[in-house]
Amino acid sequence: MKPHRIGIIGVGQTKYVTRRDDVILPELAREAAVIALEDAGIEFKDIDAIVFSLALDALEGVEGAEKWCAGTVGGFRKPFLRVHTGGATGGSAVHTGFFHIASGLFNCVLVLGAEKMGETHEAQNVLNQIFDPIYERQVAINAVNMCSFQAMRHMKKYGTTEYHLALVAVRSRKNALRNPYAHIKKEITVEEVLNSRVICYPLKLYDCCPRSTGACAVVMASERFIRKLNKRDVAWIKGVASCTNTYFMGDRMDDSGINDHADAEGLFLAAKRAYEMAGISDPKKEIEVAEIYAPFTTTELSAVEALGFCEKGESGISNERGVFDIDGKIPVNPSGGVLTANPISVTALARVAEAALQVMGKAEERQVEKARTAVATGEGGSLQFYTVTVLSDEM
Amino acid sequence: MKVAIIGVGQTSYGNKKHQSIDELVFEATKKALDDSGLEREEIESVVTAGSDALDGRGISNMVIAGGSGAYLKDEVKVADGGIYGLILGYLRVASGVFDNSLIVSWTKSSEVSTDLVSNLSFEPLYLRSCGLNSITSLALQTSTYIGRADVKDEDAAKVVLKNRENGLKNPLSHPLQKPSIKEINSSRFVSYPLRESYLPPESDGACALVIASKKRAKSLKKNCAWILGLGWVIDEYYAGDLIVETRHGVSLPLLKRSSEMAYKMAGVENPISEIDVAEVSDVTPYHEMMIYEALGFCRDREGKVLIRDGTTKMGGGLPVNPSGGILSSNPIFTSSLVRVAEGALQVMRKAGKRQVKNAKVALAQGFTGMSTQGSCVVILGS
Amino acid sequence: MKDDLIFIAQRWDIEFKHAAGETASTFFKAIMQRREILGRLCPKCKRVLLPPRSFCERCFVETSEWVKVGGEGKIQSFTIVYEKFEGLPPPPYAIAYVLLDGASTAMVNFVKGLDLNNLDQAIKKIKIGAKVKVAFKRKREGRITDFWYELV
Chain A
1 MKPHRIGIIG VGQTKYVTRR DDVILPELAR EAAVIALEDA GIEFKDIDAI
51 VFSLALDALE GVEGAEKWCA GTVGGFRKPF LRVHTGGATG GSAVHTGFFH
101 IASGLFNCVL VLGAEKMGET HEAQNVLNQI FDPIYERQVA INAVNMCSFQ
151 AMRHMKKYGT TEYHLALVAV RSRKNALRNP YAHIKKEITV EEVLNSRVIC
201 YPLKLYDCCP RSTGACAVVM ASERFIRKLN KRDVAWIKGV ASCTNTYFMG
251 DRMDDSGIND HADAEGLFLA AKRAYEMAGI SDPKKEIEVA EIYAPFTTTE
301 LSAVEALGFC EKGESGISNE RGVFDIDGKI PVNPSGGVLT ANPISVTALA
351 RVAEAALQVM GKAEERQVEK ARTAVATGEG GSLQFYTVTV LSDEM
Chain B
396 MKVAIIGVGQ TSYGNKKHQS IDELVFEATK KALDDSGLER EEIESVVTAG
446 SDALDGRGIS NMVIAGGSGA YLKDEVKVAD GGIYGLILGY LRVASGVFDN
496 SLIVSWTKSS EVSTDLVSNL SFEPLYLRSC GLNSITSLAL QTSTYIGRAD
546 VKDEDAAKVV LKNRENGLKN PLSHPLQKPS IKEINSSRFV SYPLRESYLP
596 PESDGACALV IASKKRAKSL KKNCAWILGL GWVIDEYYAG DLIVETRHGV
646 SLPLLKRSSE MAYKMAGVEN PISEIDVAEV SDVTPYHEMM IYEALGFCRD
696 REGKVLIRDG TTKMGGGLPV NPSGGILSSN PIFTSSLVRV AEGALQVMRK
746 AGKRQVKNAK VALAQGFTGM STQGSCVVIL GS
Chain C
778 MKDDLIFIAQ RWDIEFKHAA GETASTFFKA IMQRREILGR LCPKCKRVLL
828 PPRSFCERCF VETSEWVKVG GEGKIQSFTI VYEKFEGLPP PPYAIAYVLL
878 DGASTAMVNF VKGLDLNNLD QAIKKIKIGA KVKVAFKRKR EGRITDFWYE
928 LV
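Residue numbers (my numbering), protein chains in the order written: chain A, 1 to 395; chain B, 396 to 777; chain C, 778 to 929.
Excised from the complex, chain A in its bound form (with noise of 0.2 Å):
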């Protein structure tokens, strides 16, 4: 297989709130198309084909939301194509849009979505229908507790405590303040995350990501495109892969250790997989920035173990350590992740969209110094459905 040469030219965020009432989901959508096509240079009849990230229809209360807004985001008889995975909505879409071009047919994706989940009365009971209505639902799983369960294990596994959930929690807060786009700007202590009232134990308050309101966009294009756009800000895909899990969340807690509900055992095989596409063989040490995708502390700990940022079960020792703060070996979310901003449909679109600005140079006050390779997560269903996207300054 020939390498692919396919990059990101254009980036598009709306500040993440809680609610947006001046706008319909189309609108918003429209707003983040806009500033990503300006990003990029080019306008709407440049666009051959536009991917839709849209994760929980019942979140934004119309279903095949993406319908409604295909023409409002410059859609009308363009190719257009909704993929949604849950979480990992934005990585599949991502993905998608490259597919559209490696495979030869397209020269120029926009890859965007929006979430207005804001509008919902209450995320969690909609949040619970994405279990088995047969034999899981009724025994109140949520996403919340999903992690519980992960951390639990891991603890127990591991001897992770609370207190290194905790620190997690306190980078993401201090890294968002950098970060214009952030839902969350205020710092917390290691003693407040501690003293926080509990959720589902062992997951507390600061544990957890808000709800958030917004909208993302990135403009995706082949060489040629590029080449003739003259374009030198760009964000090259090396890698992309994804990888699912079980969906029922008890296989991976037998006693054998193996895909364990604990390690991120997807995870951890589609970044092997993006790794290879990428060429790369130390994460350790050729990956130099990461935004993950973890709504609870303890998604990151796992997740950082399955990228092969630290042995399994020294994410706690690592991060007190400082290995993944901002001016750390592998700074992880110097946007402040998604412990500071979760709009669902969008967040892993903007996990590549950060990453994306980190190789291009682009990331203001959260830039990392000499991040030049990073690595982009997505995570979905019962810790199911993940993705990884590997980008590149360099082609």
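Simulated from the structure, these hints should not be mistaken for lab results.
Small disclaimer: the values here were computed from a predicted structure and weren't measured.
Misleading hints may appear alongside valid ones.
Heads up, simulated PhoX-like pairs for lysine-lysine below, C-alpha to C-alpha not over 25 Å straight-line [said to hold, decoys possible]:
#: 1; chain 1: C; residue 1: 901; chain 2: A; residue 2: 157
#: 2; chain 1: A; residue 1: 185; chain 2: C; residue 2: 779
#: 3; chain 1: A; residue 1: 2; chain 2: B; residue 2: 610
#: 4; chain 1: A; residue 1: 157; chain 2: C; residue 2: 902
#: 5; chain 1: A; residue 1: 156; chain 2: C; residue 2: 851
#: 6; chain 1: C; residue 1: 851; chain 2: A; residue 2: 157
#: 7; chain 1: A; residue 1: 2; chain 2: B; residue 2: 397
#: 8; chain 1: A; residue 1: 370; chain 2: A; residue 2: 272
#: 9; chain 1: C; residue 1: 794; chain 2: A; residue 2: 156
#: 10; chain 1: C; residue 1: 902; chain 2: B; residue 2: 412
#: 11; chain 1: B; residue 1: 425; chain 2: C; residue 2: 823
#: 12; chain 1: A; residue 1: 156; chain 2: C; residue 2: 902
#: 13; chain 1: A; residue 1: 312; chain 2: C; residue 2: 806
#: 14; chain 1: C; residue 1: 904; chain 2: A; residue 2: 157
#: 15; chain 1: C; residue 1: 904; chain 2: A; residue 2: 156
#: 16; chain 1: B; residue 1: 609; chain 2: A; residue 2: 2
#: 17; chain 1: C; residue 1: 908; chain 2: A; residue 2: 156
#: 18; chain 1: A; residue 1: 156; chain 2: C; residue 2: 845
#: 19; chain 1: B; residue 1: 609; chain 2: B; residue 2: 426
#: 20; chain 1: B; residue 1: 613; chain 2: B; residue 2: 426
#: 21; chain 1: C; residue 1: 806; chain 2: B; residue 2: 412
#: 22; chain 1: C; residue 1: 823; chain 2: B; residue 2: 426
#: 23; chain 1: A; residue 1: 156; chain 2: C; residue 2: 901
#: 24; chain 1: B; residue 1: 426; chain 2: C; residue 2: 821
Listing some non-contacts, in silico: residues in chain C with all C-beta distances to chain A over 10 Å [to be verified]:
#: 25; residue: 779
#: 26; residue: 803
#: 27; residue: 812
#: 28; residue: 834
#: 29; residue: 836
#: 30; residue: 839
#: 31; residue: 879
#: 32; residue: 892
#: 33; residue: 898
#: 34; residue: 902
#: 35; residue: 915
#: 36; residue: 920
Short, incomplete list of chain C residues facing chain B, as computed with Cβ under 7 Å [to be verified]:
#: 37; residue: 784
#: 38; residue: 787
#: 39; residue: 793
#: 40; residue: 794
Glycine included, every Cβ here is placed at the ideal spot set by N, Cα and C.
With chain A held as given, fit chains B and C onto it using these hints.
For chains B and C alone, kept in the frame of chain A given last:
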């Protein structure tokens, strides 16, 4: 890069209350794998296509993961009709990143009111409270068409009869009786001008395909269906914009656009003579006639002529819907992938009693959204 | 306009009748009629699947043999919920994944009979690895909530 369909798997269509949704999916996927000769271990990519709202699940591919063969595979879901799964599968394999892919779509509408779900597809500000659902919006589109194309009730009845007669030869069809013209013409109006007899049944069912790169497909040394052309576009959401345009223009302008895209890619210049068989989305009999026009099988407003002169019957110049079409079996979200599956069976010469003789080029067509907002065309060759 | 915007209240109220299928129906009937928990054996990898499924997603073969699993098992993971979530029960409540004796996969359900008002006290008792037994509702109706776990 060339990509071929190398395996087809379908459940039968009808009420599947004895099966849970993942069991239904497993059945179709297993059949497709068996037909392709590939083991699950060899599969590199899985594309699923389903509707959360119809399934009553927030992220419907969660439960489907196991049955669709996706365990620890690179899987993605299009939240759209099954034919869009094929499109994404094609893009993934054509990129060279994957050697092959499963495409899996399912529908279990017997568990829910589809009228209620389709009403929720209309946004809550201007449309949802105005009596719109999938049927009433199709009726609005149809009445515009009747007005401008001078189509008769009898023409619609003939489409229904043709497809339902074809469906009787398809062992997978939703179990239905053969209706008489009189029964069809005297059935009540559900939403004028659509009679009850003009509407498809609601079926449960699943359909799966295995597609592969040229290298893999050739190595199998068996009949396969080559994907020669693809076209898909979306139209304006607000159907009112379109109805104004359609009154003065052509039927289904978006389908015309997507067929042009597919024809160009496949090198089809004269569809009526180059295409041997078509499987289209006859969501109503009137739509089948509109589709003829948009696909260029005839001139604008002349869809009725192809029905009157028997061109699209079995044995005619261009048989349309030998499987019986959607009027015979309608697993709503999956119906468009069934069109591709049936088109593939035709060019693979595996369509049994519904086989069109010497079928070398097949066209499959699907819609998505309300009032056929999105449209897709796939050209397959032997 | 900023302070004078219109809001349209809507509800999604869709009723579903999910088919449990023959496999899950057999599982629920065994609970209703005989207070038994049944798993399904994969003929290839020999895992006993709980909840039971009619096929093994790993081996991609159908399963057919039922295996009765033990009424006791070990907690593999748990949580105690202190937050009120719309549509979910009033807190506090405990949920755990339990590997029942003879099963290869863990099954989730409520853990009852434990005072949860004091978290520190509660987590001294409920732990990963702790033994639990299955307890059945007196009036069973073919639902996963027909049974729950209790610490032994």
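A quick look at each hint next to the structure:
This hinted pair checks out: residue 901/C and residue 157/A have alpha carbons roughly 18 Å apart, not beyond 25 Å. For the hint linking residue 185/A to residue 779/C, the alpha-carbon distance of about 24 Å falls within 25 Å, and the restraint holds. Straight-line distance between C-alpha atoms of residue 2/A and residue 610/B comes to about 15 Å, which keeps the hinted pair within the 25 Å bound. Taking the CA atoms of residue 157/A and residue 902/C, the gap is near 18 Å; set against the 25 Å cutoff, the hint holds.
Between residue 156/A and residue 851/C, the direct Cα distance comes to roughly 14 Å. Compliance with the 25 Å bound is thereby established for this hinted pair. In summary, the hint linking residue 851/C to residue 157/A is supported, as the alpha carbons are separated by about 15 Å, within the 25 Å threshold. Between residue 2/A and residue 397/B the alpha-carbon distance is near 16 Å, which keeps this suggested pair within the 25 Å criterion. Pair hint residue 370/A plus residue 272/A holds up; C-alpha atoms about 24 Å apart against a cutoff of 25 Å.
For a cut-off of 25 Å, the pair hint linking residue 794/C to residue 156/A is broken: about 39 Å separates their Cα positions. With a C-alpha separation of about 43 Å, the suggested pairing of residue 902/C with residue 412/B is violated against the 25 Å cut-off. Simply put, residue 425/B and residue 823/C have alpha-carbon atoms about 20 Å apart, close enough for the 25 Å limit, and the pair holds. This hinted pair checks out: residue 156/A and residue 902/C have alpha carbons roughly 15 Å apart, not beyond 25 Å.
As the CA atoms of residue 312/A and residue 806/C are separated by approximately 42 Å, the hinted pair breaks the 25 Å bound. Distance hint between residue 904/C and residue 157/A is fulfilled; the C-alpha atoms sit about 13 Å from each other, no more than 25 Å. The suggested pairing of residue 904/C with residue 156/A holds, with an alpha-carbon distance near 9 Å, which does not exceed 25 Å. For the suggested pair residue 609/B and residue 2/A, the alpha carbons sit about 16 Å apart, so the restraint of at most 25 Å is met.
Between the alpha carbons of residue 908/C and residue 156/A the distance comes to roughly 16 Å, so the proposed pair stays at or under 25 Å and holds. Restraint check for residue 156/A and residue 845/C: the C-alpha separation of about 29 Å exceeds 25 Å, so the hint is violated. Only pairs whose Cα atoms come within 25 Å are accepted, and residue 609/B paired with residue 426/B is accepted, the gap being roughly 22 Å. Taken as a hint, the residue 613/B and residue 426/B pair is honoured in the structure, with Cα atoms around 21 Å apart against an allowance of 25 Å.
The suggested pairing of residue 806/C with residue 412/B holds, with an alpha-carbon distance near 17 Å, which does not exceed 25 Å. A hinted pair counts as satisfied when its Cα atoms are at most 25 Å apart, and residue 823/C with residue 426/B qualifies at roughly 23 Å. At most 25 Å may separate the alpha-carbon atoms for a hinted pair to count; residue 156/A and residue 901/C meet this at roughly 14 Å. About 19 Å separates the Cα atoms of residue 426/B and residue 821/C, which keeps this hinted pair within 25 Å; it holds.
The non-interface label for residue 779/C is inconsistent with chain A: the shortest C-beta to C-beta separation is roughly 7 Å, within 10 Å. A cut-off of 10 Å between C-beta atoms confirms that residue 803/C is not in contact with chain A; the least separation is 12 Å. Under the 10 Å C-beta cut-off, the non-interface status given to residue 812/C relative to chain A holds; the minimum distance is some 18 Å. Some Cβ of chain A comes within 10 Å of the Cβ of residue 834/C; the nearest lies about 7 Å off, and the non-interface call is violated.
Non-interface status of residue 836/C relative to chain A is upheld: no Cβ of that chain comes within 10 Å, the nearest being about 13 Å off. Against chain A, the non-interface label of residue 839/C holds: every CB pair exceeds 10 Å, the least being about 18 Å. Distance to chain A confirms residue 879/C as a non-interface residue, since its nearest Cβ pair spans about 12 Å, more than 10 Å. Every Cβ of chain A is farther than 10 Å from the Cβ of residue 892/C; the closest lies at roughly 14 Å, confirming the non-interface assignment.
Taking the minimum C-beta to C-beta distance to chain A, about 12 Å, the non-interface status of residue 898/C holds against the 10 Å cut. Residue 902/C, annotated as away from the interface, keeps every beta carbon of chain A farther than 10 Å; the closest lies near 13 Å. Listed as outside the interface, residue 915/C is consistent with that label: its C-beta sits roughly 18 Å from the nearest C-beta of chain A, beyond the 10 Å cut-off. Residue-level check failed: residue 920/C sits 6 Å from the nearest beta carbon of chain A, not beyond 10 Å.
Using the Cβ-Cβ criterion of 7 Å, the hint placing residue 784/C at the interface with chain B is not satisfied: the shortest such distance is roughly 10 Å. The interface hint given for residue 787/C is met, as the beta carbon of that residue sits about 5 Å from the closest beta carbon of chain B, less than 7 Å. Checking residue 793/C against chain B: minimum C-beta separation of about 4 Å stays under 7 Å; hint holds. Restraint check, residue 794/C versus chain B: the minimum CB separation of about 5 Å is within 7 Å; hint holds.
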